[in-house]
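Peer 1: In case you want the letters, here they are:
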Amino acid sequence: MVMEKVVYQRPESLTDTVTHYCPGCTHGVAHRLVAEVLDEMGIREKTIGVAPVGCSVFAYNYFNHDYVEAAHGRAPAMATGIKRVRPQNTVYTYQGDGDLASIGMAEIVHAAIRGENITVIFINNAIYGMTGGQMAPTTLAGMKTTSSPLGRDVELTGYPVKMAEMLSTIDGAGYIVRRSLHNPVNIRKAKKAIRKAFETQERGLGFAMVELLSSCPTNWKITPQEALDFIENSMLPVYPLGDYKVHPELAGLRV
Amino acid sequence: MPIRGRIEVNQLHCKGCELCVMACPQDVMALDMEHLTPKGYHPAQLVAEGCTGCAICAIVCPDAAITVYRETPQKTRATA
Ligand SMILES: Cc1ncc(C[n+]2csc(CCOP(=O)(O)OP(=O)(O)O)c2C)c(N)n1
Ligand code: SF4
Ligand code: SF4
Ligand code: SF4
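Those sequence lines, one after another, are chains X and Y.
Per the numbering used here, the first sequence starts with residue 40, numbered consecutively.
Per the numbering used here, the second sequence starts with residue 1353, numbered consecutively.
There may be inaccurate statements among the hints.
Claimed, not checked - From chain Y, some residues computed to sit far from chain X (all C-beta separations above 10 angstroms): (1) PRO1354; (2) LEU1371; (3) GLN1378; (4) VAL1380; (5) ALA1382; (6) ASP1384; (7) MET1385; (8) GLU1386; (9) LEU1388; (10) ALA1400; (11) VAL1412; (12) ASP1415; (13) ALA1416; (14) THR1419.
Claimed, not checked - Label-pair distances were calculated between CB atoms; the ranges are: (15) X/ARG153 with Y/ALA1400: 53 to 63 angstroms; (16) Y/PRO1390 with X/VAL41: 25 to 35 angstroms; (17) X/GLY291 with Y/GLU1386: 21 to 31 angstroms; (18) Y/GLU1360 with X/VAL193: 40 to 50 angstroms; (19) X/ASN100 with Y/GLU1360: 50 to 60 angstroms; (20) Y/GLN1378 with X/VAL45: 13 to 23 angstroms; (21) X/GLY181 with Y/GLN1426: 57 to 67 angstroms; (22) X/ALA110 with Y/VAL1399: 46 to 56 angstroms; (23) Y/GLU1386 with X/GLY154: 26 to 36 angstroms; (24) Y/LEU1364 with X/MET42: 48 to 58 angstroms; (25) X/LYS183 with Y/ILE1355: 28 to 38 angstroms; (26) X/GLY120 with Y/ILE1355: 49 to 59 angstroms; (27) X/PRO276 with Y/ALA1400: 36 to 46 angstroms.
In short, the hints are calculated from the structure, not lab data.
Glycine included, every Cβ here is placed at the ideal spot set by N, Cα and C.
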């Protein structure tokens, strides 16, 4: 006799709403991983998410737990307030690179400096997705965007900002890593990092951020698979994956 | 006997991005060019025998559209 078991199914922490994300956009993979982690930790019902402005502005429609929507770049400030008033809840922000590293740069840096006990999921797709593919602080040197049609000129507009490296120098940070969503092995590693970033908060070990290299096939103007190849070939050399800061109490944690 | 599995693709969530098709190590998936989903995409589907239920397609799917099943062979007593 042959029986069957379910090896994978849609996580409970996602609603049944169809996302507005473009086909193949790895914002969806990041959502799935967060949802799987919340399911596995059994913390869905006490979790409060803070959505950004950017393509993930509607994250509150897609996650099956409480959510609020912040003004552009201000998610870390809002998460700070919520976590301080409701320390029993798990609080996280989900932010793009325009949101976190451009207009919201001061908010994220000071949240880390204050050692706020929140978790940050940072989507680095090297572009402003929602508004039509303008240059972001994370845009690669020479990369063509709608506002750098000849390629980003670093002499004129500065260099790609490395958020994980930068925030890891801050004492209030407990867990700062960079992962990528471009293939199954790296997606698995990204999920483990997201788990650790939530465990950091559950253990009260300070500010936690997972930077995820993510695709934007629409504004990069390539297919979803080519976009994953672009992450591997062009983004990884500029944004090396790694553990930039891990609190000693997390070092031995197996997830 | 090799492990056998199968997948179900949710027709509302699938956007025909083809990432699962490219990632499947058994090469048993393809887009269904004969049909459109309610959102107007060609959905992914199994097109050949050989799915092992490895769930790699589900791991890369940005829309959590894939449910993966794997057969669990039950021990049967040898008869005669
Ligand atoms: C105060 C304010 N300034 C500017 C905008 C316009 N705006 C909307 S989304 C966005 C950038 C989004 O890019 P990113 O955070 O990288 O997210 P993505 O869309 O790539 O996921 C900008 C500048 C706004 N909505 N509010
Ligand atoms: S514009 Fe880019 S980041 Fe936004 S949903 Fe589409 S592919 Fe994703
Ligand atoms: S990865 Fe998901 S959304 Fe993309 S074609 Fe496969 S099942 Fe459909
Ligand atoms: S479960 Fe594995 S073998 Fe089966 S379709 Fe998905 S990727 Fe291919």
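Peer 1: Each hint needs a verdict: does it hold in this structure or not?
Peer 2: Against the structure, the hints:
1. PRO1354: holds, 13 angstroms
2. LEU1371: violated, 5 angstroms
3. GLN1378: For Y/GLN1378, whose nearest Cβ neighbour in chain X is about 14 angstroms away, the distance exceeds 10 angstroms, so it holds.
4. VAL1380: Label holds. Min Cβ-Cβ 15 angstroms, cutoff 10 angstroms.
5. ALA1382: holds, 14 angstroms
6. ASP1384: holds, 15 angstroms
7. MET1385: holds, 15 angstroms
8. GLU1386: Nearest chain X Cβ is 19 angstroms from Y/GLU1386, so the label holds.
9. LEU1388: holds, 13 angstroms
10. ALA1400: Holds, since 19 angstroms exceeds 10 angstroms.
11. VAL1412: violated, 6 angstroms
12. ASP1415: violated, 5 angstroms
13. ALA1416: violated, 4 angstroms
14. THR1419: About 5 angstroms separates Y/THR1419 from the closest Cβ of chain X, which leaves it inside 10 angstroms; violated.
15. X/ARG153 with Y/ALA1400: 53 to 63 angstroms: About 55 angstroms separates the Cβ atoms of X/ARG153 and Y/ALA1400, which means 53 to 63 angstroms holds.
16. Y/PRO1390 with X/VAL41: 25 to 35 angstroms: holds, 33 angstroms
17. X/GLY291 with Y/GLU1386: 21 to 31 angstroms: Since X/GLY291 and Y/GLU1386 have Cβ atoms about 53 angstroms apart, the given range 21 to 31 angstroms is violated.
18. Y/GLU1360 with X/VAL193: 40 to 50 angstroms: Taking Cβ atoms as reference, Y/GLU1360 and X/VAL193 lie about 48 angstroms apart, which means the hint holds.
19. X/ASN100 with Y/GLU1360: 50 to 60 angstroms: Violated - the Cβ-Cβ distance for X/ASN100 and Y/GLU1360, about 24 angstroms, lies outside 50 to 60 angstroms.
20. Y/GLN1378 with X/VAL45: 13 to 23 angstroms: 19 angstroms Cβ-Cβ, so the 13 to 23 angstroms window holds.
21. X/GLY181 with Y/GLN1426: 57 to 67 angstroms: holds, 59 angstroms
22. X/ALA110 with Y/VAL1399: 46 to 56 angstroms: The hinted range 46 to 56 angstroms holds for X/ALA110 and Y/VAL1399, with Cβ atoms some 47 angstroms apart.
23. Y/GLU1386 with X/GLY154: 26 to 36 angstroms: Violated, since Y/GLU1386 and X/GLY154 (Cβ atoms, about 57 angstroms apart) do not stay within the stated range.
24. Y/LEU1364 with X/MET42: 48 to 58 angstroms: Given range 48 to 58 angstroms: violated, Cβ gap about 28 angstroms.
25. X/LYS183 with Y/ILE1355: 28 to 38 angstroms: Given about 46 angstroms between the Cβ atoms, the range is violated.
26. X/GLY120 with Y/ILE1355: 49 to 59 angstroms: holds, 50 angstroms
27. X/PRO276 with Y/ALA1400: 36 to 46 angstroms: holds, 37 angstroms
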